[in-house]
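Modelling step: build the complete structure from the supplied sequences, incorporating the hints.
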Amino acid sequence: MQTQDNTMTEKPKETTDPKKEKATDPAIEAGLERLTPERIRNTINQVLEKETGPRFKAYVETCMSCGLCADACSYFLSNDRDPHFMPAAKVKNTIWEMLAKKGNVSKDFLREAVRISHLECNVCKRCAMYCPFGIDIAYMMLLVRRICHKLEITPQYIQDTVNSHSVTLNQMWVKDDEWIDTLQWQEEDARDEFEDLQIPLDKVGADIMYSVIAPEPKFQAGLIYQAAAMMHAAGIDWTMPSTPGWDNSNMAMYTGDNEISGRIARAFFETAAKLRVKRIVMGECGHAFRSVYDIGNRWNSWVMPPFEVVHALAFYHELLTEGRITIKEKYKKKVTLHDPCNVARGRGLHDKARQVVNMVCEDFVDMVPNREHNFCCGAGGGVINCGPPYKGERMVNNRNKAEQLAATGAEVLIAPCHNCHSGLEDIIHHYDLKMEIKFLGDLIYETMDKKIYTPEK
Amino acid sequence: MKPWTKKYIHRKNKMKKWTICATALVLMSATGWMVVFAQEDPYVERLDTWAFESPRRPGAVFSHDDHIMDLDDDCSICHHVYEDGELVPGESSEDYYCSDCHGTEPAPDNQMPLEAAYHNLCRDCHFDRGKGPVLCGECHIKE
Amino acid sequence: MNSFIAFIMGPMVWISAIIFVGGLLFKFIGIVQSVRQKEPYIFSYMTLKHSLRSIGAWLVPFFPKSTRLRPVYYGISYIFHILLFVVPLFLASHIVLINEAFQISWPALNNSLADWLTLVVIAALLFFVVRRQMVPEVAYLTRPSDYLMIAIVALPFVTGFLAYHQWFAYRWMAVAHVLSGELMLIIIPFSRLSHMLTAPLTRAYMGSEFGHVRHARDW
Numbered sequence: 001m002q003t004q005d006n007t008m009t010e011k012p013k014e015t016t017d018p019k020k021e022k023a024t025d026p027a028i029e030a031g032l033e034r035l036t037p038e039r040i041r042n043t044i045n046q047v048l049e050k051e052t053g054p055r056f057k058a059y060v061e062t063c064m065s066c067g068l069c070a071d072a073c074s075y076f077l078s079n080d081r082d083p084h085f086m087p088a089a090k091v092k093n094t095i096w097e098m099l100a101k102k103g104n105v106s107k108d109f110l111r112e113a114v115r116i117s118h119l120e121c122n123v124c125k126r127c128a129m130y131c132p133f134g135i136d137i138a139y140m141m142l143l144v145r146r147i148c149h150k151l152e153i154t155p156q157y158i159q160d161t162v163n164s165h166s167v168t169l170n171q172m173w174v175k176d177d178e179w180i181d182t183l184q185w186q187e188e189d190a191r192d193e194f195e196d197l198q199i200p201l202d203k204v205g206a207d208i209m210y211s212v213i214a215p216e217p218k219f220q221a222g223l224i225y226q227a228a229a230m231m232h233a234a235g236i237d238w239t240m241p242s243t244p245g246w247d248n249s250n251m252a253m254y255t256g257d258n259e260i261s262g263r264i265a266r267a268f269f270e271t272a273a274k275l276r277v278k279r280i281v282m283g284e285c286g287h288a289f290r291s292v293y294d295i296g297n298r299w300n301s302w303v304m305p306p307f308e309v310v311h312a313l314a315f316y317h318e319l320l321t322e323g324r325i326t327i328k329e330k331y332k333k334k335v336t337l338h339d340p341c342n343v344a345r346g347r348g349l350h351d352k353a354r355q356v357v358n359m360v361c362e363d364f365v366d367m368v369p370n371r372e373h374n375f376c377c378g379a380g381g382g383v384i385n386c387g388p389p390y391k392g393e394r395m396v397n398n399r400n401k402a403e404q405l406a407a408t409g410a411e412v413l414i415a416p417c418h419n420c421h422s423g424l425e426d427i428i429h430h431y432d433l434k435m436e437i438k439f440l441g442d443l444i445y446e447t448m449d450k451k452i453y454t455p456e457k
Numbered sequence: 001m002k003p004w005t006k007k008y009i010h011r012k013n014k015m016k017k018w019t020i021c022a023t024a025l026v027l028m029s030a031t032g033w034m035v036v037f038a039q040e041d042p043y044v045e046r047l048d049t050w051a052f053e054s055p056r057r058p059g060a061v062f063s064h065d066d067h068i069m070d071l072d073d074d075c076s077i078c079h080h081v082y083e084d085g086e087l088v089p090g091e092s093s094e095d096y097y098c099s100d101c102h103g104t105e106p107a108p109d110n111q112m113p114l115e116a117a118y119h120n121l122c123r124d125c126h127f128d129r130g131k132g133p134v135l136c137g138e139c140h141i142k143e
Numbered sequence: 001m002n003s004f005i006a007f008i009m010g011p012m013v014w015i016s017a018i019i020f021v022g023g024l025l026f027k028f029i030g031i032v033q034s035v036r037q038k039e040p041y042i043f044s045y046m047t048l049k050h051s052l053r054s055i056g057a058w059l060v061p062f063f064p065k066s067t068r069l070r071p072v073y074y075g076i077s078y079i080f081h082i083l084l085f086v087v088p089l090f091l092a093s094h095i096v097l098i099n100e101a102f103q104i105s106w107p108a109l110n111n112s113l114a115d116w117l118t119l120v121v122i123a124a125l126l127f128f129v130v131r132r133q134m135v136p137e138v139a140y141l142t143r144p145s146d147y148l149m150i151a152i153v154a155l156p157f158v159t160g161f162l163a164y165h166q167w168f169a170y171r172w173m174a175v176a177h178v179l180s181g182e183l184m185l186i187i188i189p190f191s192r193l194s195h196m197l198t199a200p201l202t203r204a205y206m207g208s209e210f211g212h213v214r215h216a217r218d219w
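Chains as they are written, first to last, in the working numbering: chain V, 1 to 457; chain Y, 1 to 143; chain S, 1 to 219.
Treat the hints with care, as some may be off.
[To be verified] Reference listing, derived: stretches of chain S covered by chain Y, where coverage requires no fewer than 3 residues with Cβ under 8 Å from a Cβ of chain Y: (1) 83-96; (2) 159-172.
[Claimed, not checked] Among the chain Y residues that face chain S by a calculated CB cut under 10 Å, a handful are: (3) PRO106; (4) GLU115; (5) ARG123; (6) HIS126; (7) ARG129; (8) LYS131; (9) GLY132; (10) PRO133; (11) VAL134; (12) ILE141; (13) LYS142.
No lab work stands behind these hints, which were simulated from the structure alone. These numbers were taken from a predicted model, which means no experiment stands behind them. Backbone N, C-alpha and C define an ideal beta-carbon position, used for all residues, glycine too.
Shown next, in the form of structure tokens:
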């Protein structure tokens with residue numbers, strides 16, 4: 001079944017597009033140096049035989065190579081329909097080959113496998129919606145990343161975030177006191193606006209634990225300010241943890257370091273349990289939501305998360321429809337909305353998001369395609385986290401998105417996910433799209449009535 | 001042109017040649033076969049199909065003389081008589097039409113409809129004796 | 001020769017039918033067992049409602065977006081899969097044989113209609129071959145086994161068509177028809193043709209993940 005045409009399996013050297021110089025990664029190169037053929041073979045076979053089961057087998061045995069997945073992939077569409085970038089081809093050039101050669105693959109093959117799985121796939125699962133059989137190619141790309149992790153050839157930048165997770169339980173090497181400091185700093189600043197505003201730390205029994213990803217305290221502290229302002233204005237009984245476990249991000253989930261990924265999610269849920277909160281609300285981040293809503297709980301043997309996990313989009317919807325926050329004056333500029341894979345395709349929040357946008361903004365235009373079918377930001381799934389060396393090719397690989405954005409004619413792009421936000425900001429600059437990019441929270445904060453909610457009697 | 005396209009086209013050309021050769025070969029041999037086999041006997045003796053309302057196949061080719069010879073004049077092998085589902089030995093039914101007993105539609109009192117009667121009688125005998133046509137189109141030769 | 005034909009039209013039919021049904025059944029049981037042993041979580045997420053929702057959505061012609069992006073391929077593929085079952089099951093000659101063996105029968109397709117539909121199946125298979133050559137992304141994925149599978153499916157239809165018309169070498173064509181039909185049945189459980197069993201399963205699982213966990217559509 002895995003018999004392949006040899007002339008096609010090796011990627012010819014001349015495929016390098018002159019416009020797109022491929023970056024070298026010291027971590028990958030150093031990792032490859034250390035590898036022996038035995039280790040490669042044993043690791044691949046261990047993962048493919050012991051860590052997979054009938055699901056993987058069914059995927060491999062069911063693909064009829066019909067090519068319908070091609071149209072799902074931003075990489076394929078952005079690269080002039082180059083077959084190398086179609087989802088099934090990524091499987092062909094990694095997993096099929098590993099299976100056919102029973103793990104006896106070369107270092108050059110592995111270098112390519114790291115690139116395909118880490119840099120040419122956002123594990124957004126759009127292709128699973130375009131495959132008539134629902135074959136989960138993202139799952140197989142994550143398997144390749146798992147193999148790369150076990151072979152220690154994960155790209156440097158994203159590996160550093162995993163190292164940080166491992167040491168500090170947050171993604172950005174935020175020190176324990178730095179975290180508390182940042183919260184107090186934001187609290188102080190916000191008191192200029194709201195006299196009694198508090199960011200309650202470790203309040204046991206609060207209704208809601210609010211959690212963020214580490215980049216927020218590290219360099220987007222204003223987002224914590226905005227969230228605190230909304231919580232305060234809405235009269236929410238909330239708290240934030242002061243101890244490690246406050247970060248809901250999880251890059252280990254994307255490098256295949258499942259053990260650390262599980263640890264992160266467990267620490268997160270334990271923090272919420274310690275605070276005996278009723279619900280967990282989280283900021284506008286997609287992958288973090290995937291981690292605590294879909295993946296992290298599974299690794300810790302919970303079918304569904306042990307807490308109700310509410311993404312910011314759903315929370316905003318709640319605040320606005322319950323009238324806890326009212327909009328003073330609607331936002332005037334023409335806005336469009338990007339549906340992040342992990343909350344639209346991952347949690348079906350796209351309709352709520354639209355309702356919120358329409359409650360907050362006067363002029364909303366949808367991009368096409370949208371909702372579950374939205375094109376990927378090209379940054380998520382750990383791709384942007386592989387760092388600056390790969391930014392150039394990330395821009396080439398997501399031309400498609402730039403075209404989609406430009407077609408809306410909107411002045412403001414709302415991207416309610418950190419990865420999407422950063423990735424789309426790069427796209428906007430690179431393709432000179434003359435768009436502002438904002439979080440949905442930015443707009444709500446900007447337009448909301450800054451008065452404290454009092455329940456009607 | 002993208003390099004991968006070049007590679008792909010190269011491969012495609014190779015495959016195209018191969019495909020064309022194979023197709024040509026198949027077509028040529030097919031025509032050959034047809035010329036040889038399509039020459040039919042101008043006169044073919046067939047079973048009548050009048051008992052069937054709308055027969056789906058032409059009547060089976062059948063030579064009564066050949067069968068009489070091959071079966072040593074024992075008419076009762078085909079022109080048999082059944083009573084209460086039992087074969088009556090020694091009796092024969094040359095004076096009847098097959099359809100006098102075997103109605104075309106299956107019914108409780110017609111366990112062996114006409115079509116099945118023909119098929120079973122002819123084909124099973126041919127199988128048993130190891131000679132004679134047994135496949136659909138060997139009897140129901142196109143007119 | 002008659003005894004050979006008796007064999008391929010008698011015991012061999014049974015053998016291939018048993019391998020076909022038994023093979024798929026065995027495969028299904030194997031999958032269930034293996035899920036139970038290695039990936040029991042799959043049962044935690046599979047729900048009947050969402051499985052059927054997803055399979056149903058993908059059975060409605062041109063409902064999933066993917067199929068609307070490729071209407072020609074999808075349309076041909078859809079018709080092909082229906083005819084793949086309808087033509088052999090409702091063919092007069094097949095029904096006659098089944099009727100004589102089991103005394104059960106059902107209405108048959110009109111001869112010339114069946115003839116045309118057979119040609120449609122063959123044309124669809126030819127289209128698949130051409131598509132595998134012409135569409136770059138499909139050509140890139142195509143393995144020799146893809147052509148082999150097309151050939152295995154095409155053989156019974158091509159030989160059946162030629163045998164029906166009795167254009168040449170009828171006896172050999174009919175024998176080839178019987179044998180290739182049996183070959184296809186035997187090969188199904190052991191090849192990717194078994195997607196007739198596994199595709200609904202993978203679809204059901206993905207449909208459950210999307211419906212039950214993700215609250216999103218997967219079509």
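Here is how each hint holds up against the structure:
no.: 1; hint: 83-96; verdict: holds (count 3)
no.: 2; hint: 159-172; verdict: holds (count 9)
no.: 3; hint: PRO106; verdict: holds (8 Å)
no.: 4; hint: GLU115; verdict: holds (7 Å)
no.: 5; hint: ARG123; verdict: holds (9 Å)
no.: 6; hint: HIS126; verdict: holds (6 Å)
no.: 7; hint: ARG129; verdict: holds (8 Å)
no.: 8; hint: LYS131; verdict: holds (7 Å)
no.: 9; hint: GLY132; verdict: holds (8 Å)
no.: 10; hint: PRO133; verdict: holds (8 Å)
no.: 11; hint: VAL134; verdict: holds (5 Å)
no.: 12; hint: ILE141; verdict: holds (6 Å)
no.: 13; hint: LYS142; verdict: holds (5 Å)
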